[in-house]
Amino acid sequence: MPALPADMQVLLLAVALAMPWLMIPALAIRTRDAGHAPALCLAALPAVMAAAWAPDGTLLALPDALGGWVFALDATGRAFLAPAAIVWALAAWLAASLAPRQVRSPAFSGLWLLGLGGNFAVILAQDLLALYAGLALMTVAGLGLVAAERTMQAVAAARVYMGMMLVAELAMFVAVATLVGGGFSDAGFDTVRERIDGPVLALLGIAFGIKLGALGVHAWLPLAHPVAPVPASAVLSGLMIKSGALGWLRLVEPAATGDVVAHVLLWTGFAASLYGVARGLHTKRAKTLLAWSSVSQMGLVTMLAGLWILPGTRGSGLADPVAFAIAVFVVHHGLAKAALFLGAGLLERTAASRRSLVWASLGLPALALAAAPGTSGVLAKSALEQALAASGQAGWIVPVLYLSGTATVVLMARLLWLTRSPHDTAASSDTSGVRGPALALPWVAMLAAVLVVPWLMLGSNTAGPTATAPRDHAKALVPFVLAGFAASLTWWAGRRVQRRLLNARLPRVQARAVTGLPAPVRRLSLHVVRGERWLHLWESVGLTLIVVAAVLAAALSLG
Amino acid sequence: MTAGDAAVIVLVSLPHAAAIAGFVWPSRAVTVSLISAATLMAAALVAMHAVAGHGAWRHDVGGWEAPLGIGWTIDGVACALLLLTAAVGLAGSIHHAAARVRPSTAAHDPRYFWPLWLFLWGGLNALFVSADLFNIFVTLEFVTVASVGLIALSGRLAQAAAWRYLLATLFGSSLYLLGVALIYGRVAALDLPFLAQALPADLVGMTAASLVTIGLLLKGAVFPLHFWLPSAHARALPPVSAILSGVVVAAAFYLLARAWLGPFRELLTPAAGTALGLLGAGAVLWGGLLALLQRHLKRMIAYSTVSQLGFCMLLFPLAAAGATQLAWTGAMVVLLAHGLSKAACFLAAGVIVRHHRSGRVDALGGCQQGIGLAWFAFALAAASLVGLPPTGGFVGKWWLAQAAINSGAYPWLALLVAGTLLTAAYLWRVLEAAIRTGPPDEARRPAAIAAHREGAPATPSDRGMMIAALGLALGAVAVGAAAPTLAPVLSSAIGVTW
Numbered sequence: 001m002p003a004l005p006a007d008m009q010v011l012l013l014a015v016a017l018a019m020p021w022l023m024i025p026a027l028a029i030r031t032r033d034a035g036h037a038p039a040l041c042l043a044a045l046p047a048v049m050a051a052a053w054a055p056d057g058t059l060l061a062l063p064d065a066l067g068g069w070v071f072a073l074d075a076t077g078r079a080f081l082a083p084a085a086i087v088w089a090l091a092a093w094l095a096a097s098l099a100p101r102q103v104r105s106p107a108f109s110g111l112w113l114l115g116l117g118g119n120f121a122v123i124l125a126q127d128l129l130a131l132y133a134g135l136a137l138m139t140v141a142g143l144g145l146v147a148a149e150r151t152m153q154a155v156a157a158a159r160v161y162m163g164m165m166l167v168a169e170l171a172m173f174v175a176v177a178t179l180v181g182g183g184f185s186d187a188g189f190d191t192v193r194e195r196i197d198g199p200v201l202a203l204l205g206i207a208f209g210i211k212l213g214a215l216g217v218h219a220w221l222p223l224a225h226p227v228a229p230v231p232a233s234a235v236l237s238g239l240m241i242k243s244g245a246l247g248w249l250r251l252v253e254p255a256a257t258g259d260v261v262a263h264v265l266l267w268t269g270f271a272a273s274l275y276g277v278a279r280g281l282h283t284k285r286a287k288t289l290l291a292w293s294s295v296s297q298m299g300l301v302t303m304l305a306g307l308w309i310l311p312g313t314r315g316s317g318l319a320d321p322v323a324f325a326i327a328v329f330v331v332h333h334g335l336a337k338a339a340l341f342l343g344a345g346l347l348e349r350t351a352a353s354r355r356s357l358v359w360a361s362l363g364l365p366a367l368a369l370a371a372a373p374g375t376s377g378v379l380a381k382s383a384l385e386q387a388l389a390a391s392g393q394a395g396w397i398v399p400v401l402y403l404s405g406t407a408t409v410v411l412m413a414r415l416l417w418l419t420r421s422p423h424d425t426a427a428s429s430d431t432s433g434v435r436g437p438a439l440a441l442p443w444v445a446m447l448a449a450v451l452v453v454p455w456l457m458l459g460s461n462t463a464g465p466t467a468t469a470p471r472d473h474a475k476a477l478v479p480f481v482l483a484g485f486a487a488s489l490t491w492w493a494g495r496r497v498q499r500r501l502l503n504a505r506l507p508r509v510q511a512r513a514v515t516g517l518p519a520p521v522r523r524l525s526l527h528v529v530r531g532e533r534w535l536h537l538w539e540s541v542g543l544t545l546i547v548v549a550a551v552l553a554a555a556l557s558l559g
Numbered sequence: 001m002t003a004g005d006a007a008v009i010v011l012v013s014l015p016h017a018a019a020i021a022g023f024v025w026p027s028r029a030v031t032v033s034l035i036s037a038a039t040l041m042a043a044a045l046v047a048m049h050a051v052a053g054h055g056a057w058r059h060d061v062g063g064w065e066a067p068l069g070i071g072w073t074i075d076g077v078a079c080a081l082l083l084l085t086a087a088v089g090l091a092g093s094i095h096h097a098a099a100r101v102r103p104s105t106a107a108h109d110p111r112y113f114w115p116l117w118l119f120l121w122g123g124l125n126a127l128f129v130s131a132d133l134f135n136i137f138v139t140l141e142f143v144t145v146a147s148v149g150l151i152a153l154s155g156r157l158a159q160a161a162a163w164r165y166l167l168a169t170l171f172g173s174s175l176y177l178l179g180v181a182l183i184y185g186r187v188a189a190l191d192l193p194f195l196a197q198a199l200p201a202d203l204v205g206m207t208a209a210s211l212v213t214i215g216l217l218l219k220g221a222v223f224p225l226h227f228w229l230p231s232a233h234a235r236a237l238p239p240v241s242a243i244l245s246g247v248v249v250a251a252a253f254y255l256l257a258r259a260w261l262g263p264f265r266e267l268l269t270p271a272a273g274t275a276l277g278l279l280g281a282g283a284v285l286w287g288g289l290l291a292l293l294q295r296h297l298k299r300m301i302a303y304s305t306v307s308q309l310g311f312c313m314l315l316f317p318l319a320a321a322g323a324t325q326l327a328w329t330g331a332m333v334v335l336l337a338h339g340l341s342k343a344a345c346f347l348a349a350g351v352i353v354r355h356h357r358s359g360r361v362d363a364l365g366g367c368q369q370g371i372g373l374a375w376f377a378f379a380l381a382a383a384s385l386v387g388l389p390p391t392g393g394f395v396g397k398w399w400l401a402q403a404a405i406n407s408g409a410y411p412w413l414a415l416l417v418a419g420t421l422l423t424a425a426y427l428w429r430v431l432e433a434a435i436r437t438g439p440p441d442e443a444r445r446p447a448a449i450a451a452h453r454e455g456a457p458a459t460p461s462d463r464g465m466m467i468a469a470l471g472l473a474l475g476a477v478a479v480g481a482a483a484p485t486l487a488p489v490l491s492s493a494i495g496v497t498w
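If you read the sequences in order, they're chains A and B. Using our numbering, read the first sequence as starting at 1 and increasing by one per residue. Using our numbering, read the second sequence as starting at 1 and increasing by one per residue.
Don't read these hints as lab results, they were simulated from the structure. Hints may contain errors.
[Stated by the list, open to error] Short, incomplete list of chain B residues facing chain A, as computed with Cβ under 8 Å:
(1) Ser210
(2) Ile405
(3) Gly408
(4) Leu422
(5) Ala424
(6) Thr437
All residues carry an ideal CB built from backbone N, CA and C; glycine is no exception.
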């Protein structure tokens, strides 16, 4: 890797951060242009270069006129930046054929760039206020992306997303307002971290938990991710949900609280990893299945978030096995899940003649997510085990993890089964605009990234815990064997039972329609309206005036 | 005479002169108004520049000093509100001028719009610089008369609302005048900075404070005295709604804040502050709930004004609890950001309602071709009203939250959070309706309307109106970006005791 001069490194970082913001006005000028996709792709390119060439510790301090915020690239940030930059770039490249209608609209492009800019700002921020602002912008952009299709489901999902994200934003607002003083200065992570106490930690937990889609506050995730246009689903599910984990890593110190919180997170995370799979198996839509798989995988990240706050002295930066494991998960899941969403979208728009080829290639990220030997999944799994061992929690969890690994294998098999033939997808007849090389190139690049990037970045982490051994790859076969055994068992038990198992209808979590307000709320609103009408009567005006005057007089004479 | 002095004289006298010119030569009214609107904007910028550069100053009109003459105080807060008036006035002028370009509406252009509009503008400008309680009364009456006239312009339905507004606001003025008379009887002075030192906290002072406060609460439509506002603001023309909701109501709050932190500072005990704060809390929650329940877009925006002004009322309990400086800047930034974004909402709503030929929220879905810019302005304004980070609404709420945290007044912080939830809920209802691909009762609509919905491209007239709205919404965002420079400017307030 060639070493860049220091000025160039800082410039590269600045361009990577500023590029999306510079592109937004450019798009506003050329609103009728159909060729937005290359521009969108271009917006993420400097970040790819920064992730590849800027060394750790590259620091960009904005002047005071721009808030005096500090952005920097460190090892943790790079683990988030690399997959983010790659996925934003490749998803935009594929967007022209996956979501042609959206790419032509300036609103979608604007939201895309807003989300992109917010995401990079969150990743590179070294300052609580910059992190907070970036998170909020990214969340708003996510809202627009979820609602972009304008269908009933999209609107309903957007409503749930908005409601839950608003709670997260408000929790975050109160936490940030408590941590940062009256001015807008002095919000560096190191200063802020020391001021965190119990209530603030709880608020941060709520905010980051919702963003991450942790079990219990995950309701928005399986609703919102499937309804967005395919490229947007990829960035939502692959990248944006990771911001919760990043916030947790940046703000919360190890040993910030007692064991209780850590164990709660550990158990919730483990439960989520199974629950997500169980719900994923009961859906027939590939994108919904993938969203539930994200719930399951974020469960593993929740476990790591729990380990992170366990007391104990470990290394700093990525030398810490827990931080290292989170970094591996971010890279591995970000790339694999984005590839799965993009691949699933690609299948819907591929002509029948080439369909089987694309379908087979979809197997690659599926295998990676299922942690087949040789894929980044093995890296993630062994990192998780090492993190558990380093925190002294390995005892009961490691064997149980095989259960969740097996469940993921089954889920990925189900995904491939669902997508094997085109009849289950509504848009399969519409194959317009799909041309060979334009699609093949970014798709192959995406697959290559899934295969190579995690190993390149974290496979030989000299500072951190030693990564995988051949033994780990062999162990990774166990869930496949178990899954195969389970599958043959169900086969043996008869196709009828199998069908019932896979297709049984659990009560669905659907967003309520506007009209379906519960009766007490309707009654309350009736009273409110009636009260308002009363306030508009002249008699009542006189009365309220007298009451207000009395209240004021009482307050004044009290003081 | 300095440039700042000249700018203030222009700000107060030019609108009145232009109003007379527009009345006498109706055919030239549009040209005259647009030119004076641009000049007023420039003058407000010059005044703001002068305050930011040399600090606040006092201008004695005609060289006559108080107590005989009339004093003007030109400080940071006054200039910020002058600038707000200029921004809303300019955007409203452009919006109305653009609306009448369209042949179908040119015929309905109300005859007296421009004179009344400029008259209102002049009254507001005079109000913001006045430092004299009686002079303020006079300017308040200017504003009242012009506002009532403007509301009544938009037809039969609006006349009832205008009538209610007239009665309510006249009653408020009389109460205010009664309070002023008491003060004059007690200390024989009306000058605000002078009174800030001189007004004793005895029974007369308390009675006067109560009367002045109730009068201004009526004019500011603070809960539960907001009964006149929703119909008046919802039925007026879009630019009129914009200036009424964005600036006229804010003017009442501005006076309330100056009075309580100036002459009545001694009376602002925790109990009094809490009483005013509770009114604000009522406004935030009640106004928010009602905004959530409205079926019509403009009524929803009008109720949102009631709710948002409640946030400003938090100034009093927080100042009484000791965090005066933070609460003051916070409340003033909320006031400015609200003025800009609310005006943007009304201007955008004007275009949106015209495009869909219906003001009902659930009829706003479907084809939005041609009015994308209006929705963009609305969404941006909504972001500021909710208080998303880089916007002015965020900065204002941030400082109010800081004031609450610093003074340990956590219930007010909880109110801030609850009010924000309500704000997001009712604004999301509108945006959600816009996202829907069609209103549920599309099938029952006449075919002609359905045909119209299928993509009437934006006319230059629409574009002018939408750009006016967008400019204001961007202004609300800019207030947030300018926060670090804004804080010292807003803290420059003559006659305010910290």
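- request: Enumerate the violated hints, using their earlier numbering and listing them in ascending order.
  value: 3 and 4
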